[in-house]
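*Asks:* This is what each chain is made of:
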Amino acid sequence: MKEIKRVCVVGAGAIGSLLVGHIGVLPGITMTVLTRRESHAKDLNEQGLKVSGKSNLHTNVIASTKPEDLGDVDLVILATKTTAVDASMQRLEGHFPNTTIMMIQNGLGCENVVRRYGSWPIIAGLTFMSGVRQSDVHVEYELDTPTWIGPWDKEAHSPGYSFIKQVEALINKSGLISKAYEDLRPVQWSKLIFNSAVNAIGAVTDLPHVPCFADTNELTDLGHLVKNMMAEGVAIAKAQGIELSSDPWEMNCKAVTQGGSHGGEEYAHITSMLNDVRHKSYTEVDWITGSIVRAALEVGVPAPYHETLYRLVKGVEKSWSQKQPADH
Amino acid sequence: MKVCIIGCGAIGSLFAAHLGKLDDVEVWAYDPYQAHVDAINENGLRLTGETDLVSKINARSNAQDIPPCDFGIIAAKTLHTRSAMEAVAHIFKDGAVCSVQNGVGSEEIIAEYVPRVIQGTTFPAGHITGPGVCNHDTIGVTTIGPFAAKPASQEESDRLAQALTRSGMETTSLADPRGSMWTKVIFNCASNGVGSLTRLPHGIACDQVRSVMSAVAQEGIAVAEALGITLEKNPEDMIDYGREVAYRHKPSMLQDVEAQRPTEVDSLNGGLADIGDEIGIPCPLNRAIALMIKGIEHSWTL
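Going line by line, the protein sequences match chains S and F.
Residue numbering for the first sequence follows my numbering, starting at 7 and increasing by one per position.
Residue numbering for the second sequence follows my numbering, starting at 31 and increasing by one per position.
Among the hints, a few may not be true.
To be verified - Okay, derived cross-link-like pairs now, DSBU-like style, lysine-lysine, Cα gap no bigger than 35 Å in a straight line:
1) S:K324 with F:K107
2) F:K86 with F:K32
3) S:K233 with F:K107
4) S:K60 with S:K11
5) F:K263 with S:K320
6) S:K56 with S:K185
7) F:K180 with F:K263
8) S:K48 with S:K8
9) F:K107 with S:K286
10) S:K171 with S:K48
11) S:K185 with S:K160
12) S:K48 with S:K185
13) S:K324 with F:K51
14) S:K8 with S:K233
15) S:K171 with S:K260
16) S:K72 with S:K48
17) F:K32 with F:K51
18) S:K286 with F:K214
19) S:K260 with S:K233
20) S:K233 with S:K179
21) S:K160 with S:K324
22) F:K214 with S:K320
23) F:K180 with S:K233
24) S:K286 with S:K48
25) F:K107 with S:K320
26) S:K48 with S:K179
27) F:K214 with S:K324
28) S:K185 with S:K60
29) F:K214 with F:K107
These are computed hints drawn from the structure, not numbers from a lab.
Chain F with its partners taken away, still in its complex shape (with noise of 0.2 Å):
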């Protein structure tokens, strides 16, 4: 099995590593970060924290690079999806591609250059801490399904789950994987919406700013409702988990924020701001959020 990892940031990273430990998954990786590339070719890619390995995998920067791939997965930030699937589209010709990227929109933008399309949600998370070398600093589950809309088959799922499983990134293969996104899409909404607004850690978010959070994820909750998606779990709760494990932790898009740096909010409330438009299930407050981190980024430019 040949499986190519889009973008090698931090996720892309624990899933390239993983599955290098496999005998019989050959990985690529592509990234555009030519230093991180370098490194990972010549001393091989390292994690570090909850998992301790240095696994062998093939790295670059040019997609011409890259052989044909059997199944693909997406770990770029949703701000990259089509300049990055417009350069891999080849490697995939008669493969699935699975997106574990944040956010709605990216599986649409990914069916527009591949065959086959599989939906994914994943939950661990780390950081790069240099070239070459990725923090794993929890330990999460990952869940995929085909893609409605251009799906790879039931089997490709399965497969690609089971060889996940075997390296050590536990993931499960559903028939729906909606269910499982859009509990983690309205979990975001509220976590990292509040949070790059407020510039609040996201235990002392749910401290200071409940309220709003819950009317966020409200929203979203009543759009996965008129979709005719069973949620996985109530976010609200999730919402609550998120304080007792993770009081501390500041949600990727505050990070994006307080490092001036583009974020994903297109793909988290201004996404479901506009699904929930299409539907006809107006979400105010997450279309209101939207604009205003579009304004933080606009006052970068000030």
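So that you can see chain S by itself, here it is in the shape it has in the complex (with noise of 0.2 Å):
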């Protein structure tokens, strides 16, 4: 089996820098980044990237904005947001010949979109760690939760699961924490349908992951909703014939009420769509709740409301893009 010894990291933003700048100091490993901006790629070669907070490491690496200036690669990690993949496989149409392609987006289907530009092998993954970005040449290491990976389901023989362990232990010989399955989607779609409810109902209600989301005392309180939303999530799976690893309903109570990852504090985390919504940026939603209503439309699994919330959440996206149709 091919080992890996150069590896392009796609997307350096929090993520992204958080992998480069773990795998890039392994012995036997050549780093390089594609970058979006020339600026970035500079600062890059110049000053090569440094990690703080949970590691503290530095690494040099080859970056550039054109792919054909990083050489062939064995491995390419992905790590664009899922609203930027579409951009960057435009990019990488017709290069790496020889690569893998290791996802980590939110939610599900951005396969689907690597696969329209070539014909790579593609690793499916999930991540749960976080990073600050402070600058282009520096990201802070904040959460060093693990990183899951395994086949996509659609081509569940590319490229192989023992690549795929190779994968997941060059990971964590980095430093990072990543688990391999030979059969990702419990664990997918049991985070899928978590993120989908207090997400979409986070970025319609301006509401954090707050204690509310798990509150079903009074006939008025928010959980009602949640925890429907959530019951449709896991009938759209095992219609799929997916069995979830954990329910979506425990999920969110234990967050709310241990306080998730934080704990301690008082809990009330941003999700990443309401940050978006906050930020007037597009989110995430096609890829999160409109997967599972597209899942449910497959199956005939009747899904009102995801679909309710997906249009919901691309309605208050129009509400400020509306005002700028030169946007479009």
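Both chains come to you apart, so use the hints to assemble them.
*Replies:* Shown next, in the form of structure tokens:
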């Protein structure tokens, strides 16, 4: 089996930078970075990348805005937001013929976008780690939580599970945490159903993930909606033949009562979708709540809550974008 | 005829100022907003916009200062129905009170305080531009009729409608006013509920999330059908008509959300879902919308 020697991280935001900073220091690994901005590539080439926080590292990298400058690679880690996958893949089309592409986007379905641009083997993945990008050349490692990877369920034979185990080992050796699954869907869907409800309801109500998401004492408590929406998601997963690894409603109650990974503090996590809405940028709802709507259609299961929340969040996006007709 | 307007905000002011023009009607208004009350008593109640008039009426912030009246017209926000009725009940020991408020559930509360109730639905719109001044934004009709559970007589309802029509507020009195009320309630659940969550004006919401508005309206239509109510119009047509005539109009509940004021959702989507639960016609989407608008209100406290 091919040994992983050259890696390219596409998109050096917080998550991408954490992967670059950790994997890049491993002996025998050449780390390359495909950036969007020339100045970002230039700074990375001149200064390397620094990681602080949970790790203390500095690594040299080869960065460019053009894939042809980076040479052949064995592994591409696509670390952009879902909303930027298409644009990134347009740039990768026709390059890196011998690579495998590993995904870590939120939600479900970005693999289909990748496949439109080439026939590379694809590893599906999702990550729980988090960091704060301090500058183009400095990232702070915050939450040392895992990245889960596995075969893409549509093409489970490709690239082969042993290669996925090799990627798992590489990430773990670098100081980050990874776990490979032969079937990723049970963990992927548990998180998806959880995220779909908590993110979409939060985006529409302007609520961070606060305790009322788990309140069901009164008829007017928000928890009823969260619970019903998650139950709908669970039924869709079941119809898709997926056995969940955890109950999303329990994940929700646990997060708001035990404070998630921020034990002690008053838990009020601002979800990524709420953060996007507050900054008036397009959300990932197409890949999160929208992917559950599409999965429901495939199996003919009704999804009124997901459909409604999906459309409401799209409506919220229009509430600012419709004022800028020049945008489209 | 003595009439007391209960809650002299925009809608209450339109009714009060018009009725004030009639020689045979003595108009009183109860409102807690002292500056508004003082301005009305000093300079009269002024309407601008679609109507241009100044009307001499008697405004009071203390309901004890208001004499017994034949009719009440309550136009308070539904959140304040109970506290307003508690304050004015003594005025209507032998009177009939007509609600022109939004949503469902007000008449039941009013019926706890007065002997006879009239159910009403009104379409004109306006907004208070300063103490004693209300802009009449849009002209619209009002439909009233005896509230079945504690009815005023048909004669009373007709008499109030005639006075309102003479004053320039076109009003129809029907034996069964529910069809008109439910048509507006269902329309409002769709337009206000979806608009408040997406922050979209009515017409743009129609372009972007019409299917959600329809799904919300259909739940209401099913409830009305189960209650044996013949709707005055198809709420779906009203939604489309609203898109034509009020494309950029922000529904009142969206205005409340933007100003971080408590909304009337308990009388709209929440009230509809409660009635649906009672009669076994679940309204999951209206319930979901009600819970999320409550969620928005909760977000202001964080």
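*Asks:* It remains to establish, for every hint, whether it holds in the given structure.
*Replies:* Hints and how they fare:
no.: 1; hint: S:K324 with F:K107; in the structure: holds, 29 Å
no.: 2; hint: F:K86 with F:K32; in the structure: holds, 14 Å
no.: 3; hint: S:K233 with F:K107; in the structure: holds, 31 Å
no.: 4; hint: S:K60 with S:K11; in the structure: holds, 25 Å
no.: 5; hint: F:K263 with S:K320; in the structure: holds, 30 Å
no.: 6; hint: S:K56 with S:K185; in the structure: holds, 25 Å
no.: 7; hint: F:K180 with F:K263; in the structure: holds, 26 Å
no.: 8; hint: S:K48 with S:K8; in the structure: holds, 31 Å
no.: 9; hint: F:K107 with S:K286; in the structure: holds, 32 Å
no.: 10; hint: S:K171 with S:K48; in the structure: holds, 33 Å
no.: 11; hint: S:K185 with S:K160; in the structure: holds, 20 Å
no.: 12; hint: S:K48 with S:K185; in the structure: holds, 33 Å
no.: 13; hint: S:K324 with F:K51; in the structure: violated, 45 Å
no.: 14; hint: S:K8 with S:K233; in the structure: violated, 46 Å
no.: 15; hint: S:K171 with S:K260; in the structure: holds, 30 Å
no.: 16; hint: S:K72 with S:K48; in the structure: holds, 12 Å
no.: 17; hint: F:K32 with F:K51; in the structure: holds, 13 Å
no.: 18; hint: S:K286 with F:K214; in the structure: holds, 33 Å
no.: 19; hint: S:K260 with S:K233; in the structure: holds, 13 Å
no.: 20; hint: S:K233 with S:K179; in the structure: violated, 39 Å
no.: 21; hint: S:K160 with S:K324; in the structure: holds, 33 Å
no.: 22; hint: F:K214 with S:K320; in the structure: holds, 26 Å
no.: 23; hint: F:K180 with S:K233; in the structure: violated, 39 Å
no.: 24; hint: S:K286 with S:K48; in the structure: holds, 30 Å
no.: 25; hint: F:K107 with S:K320; in the structure: holds, 30 Å
no.: 26; hint: S:K48 with S:K179; in the structure: holds, 28 Å
no.: 27; hint: F:K214 with S:K324; in the structure: holds, 26 Å
no.: 28; hint: S:K185 with S:K60; in the structure: holds, 19 Å
no.: 29; hint: F:K214 with F:K107; in the structure: holds, 16 Å
Hint violations for this structure: numbers 13, 14, 20 and 23, all remaining hints satisfied.
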